[in-house]
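*Asks:* Sequence:
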Amino acid sequence: MTNRICHKLEDKMKLKYVVIKLMLLSLITGCTQLEEVDQEADLLLEEKVNEETAVLLENLNKETIVLKDSESYTIGGSFNTIGIEEDDKTLACINYPGHIKKGVFIDLDTSEVPIIKVQNIEVNPDQINLCNEYFNSQEYTHTAIFSEAFQYTTNGYIFDKNDIKFLIENGKIIGLDLNADNNSDYLNTCSGIESEHLSVWEDELKKARLAYASRHIDADLLETCDNIDYPENH
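Numbering-wise (the working numbering), the sequence shown opens with residue 523 and increments by one.
Take the hints with a grain of salt, since some may be wrong.
[Stated by the list, open to error] With a straight-line cut-off of 25 Å between C-alpha atoms, the simulated DMTMM-like cross-links for lysine to aspartate or glutamate are:
# : residue 1 : residue 2
1 : LYS687    : GLU655
2 : LYS728    : ASP609
3 : LYS729    : ASP685
4 : LYS624    : ASP682
5 : LYS729    : ASP742
6 : LYS639    : ASP748
7 : LYS687    : GLU716
Simulated from the structure, these hints should not be mistaken for laboratory data.
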């Protein structure tokens with residue numbers, strides 16, 4: 523795209539160059555030499571090229587920044603679970619902003635080490651209706667069935683398996699490694715007004731956000747998030 527714009531700009535400048543020279547030739551008479559006209563036209567053309575090139579580069583830089591900001595981290599969703607006692611299974615009720623076939627479920631509530639599970643996702647209308655009725659909500663869009671029963675209702679965050687990289691030790695997932703630096707990413711949660719926020723950072727310094735998700739909580743919460751924890755402020 524940049525090359526095409528630059529070629530158009532070059533053709534445009536050539537045309538302006540010819541026009542400027544013709545105008546100057548028609549206006550300048552007497553002792554003014556052709557060489558002086560050429561020099562004056564070249565100066566005018568150079569100034570115009572520099573001016574329009576600066577504007578072009580500025581616009582290209584702005585576009586690059588917008589694209590980088592909009593694609594710099596992965597967006598996820600949230601989930602809550604319902605125990606299915608008769609089948610000894612668990613139904614996960616999922617709120618996810620888009621289509622998803624296989625999800626990475628992250629539970630941060632049970633211990634200091636996150637529980638990470640990978641599971642196929644369904645769009646089952648009956649299960650979705652059950653989720654929305656059970657939690658008195660209309661936010662659930664997907665479901666998943668876990669073969670094991672969870673002792674308590676679990677909630678957490680979910681990301682698309684295609685967007686996630688893991689840190690694996692002895693065949694077991696021990697953390698996320700979204701930037702593939704062989705170090706476990708830093709997972710940080712905080713609460714806002716009626717919501718909880720998860721940010722996956724490159725490290726504890728919070729210089730680079732790798733993923734983000736939030737979940738609604740129908741309660742007044744003590745706000746513990748700083749400005750940096752909200753993506754729109756960072």
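*Asks:* Can you confirm whether the C-alpha distance between LYS729 and ASP742 stays at or below 25 Å?
*Replies:* violated (29 Å)
*Asks:* For the pair supplied as a hint, LYS729 and ASP685, is the alpha-carbon distance within the 25 Å limit?
*Replies:* Holds, because 20 Å separates the two Cα atoms, which is no more than 25 Å.
*Asks:* Between LYS687 and GLU716, does the CA-CA distance stay at or below 25 Å?
*Replies:* Violated: LYS687 and GLU716 sit about 30 Å apart, past 25 Å.
*Asks:* Check the hint pairing LYS639 with ASP748 against an upper bound of 25 Å on the C-alpha distance.
*Replies:* violated (29 Å)
*Asks:* Below or equal to 25 Å on CA atoms is what counts here, so check LYS687 against GLU655.
*Replies:* Since the Cα atoms of LYS687 and GLU655 sit roughly 34 Å apart, the hinted pair is violated (cutoff 25 Å).
*Asks:* Taking only the CA atoms, is the gap from LYS624 to ASP682 under or equal to 25 Å?
*Replies:* Roughly 6 Å between the alpha carbons, so the hint for LYS624 and ASP682 holds.
*Asks:* Between LYS728 and ASP609, does the CA-CA distance stay at or below 25 Å?
*Replies:* violated (43 Å)
The structure fails hints 1, 2, 5, 6 and 7 (numbered hints given earlier, in ascending order).
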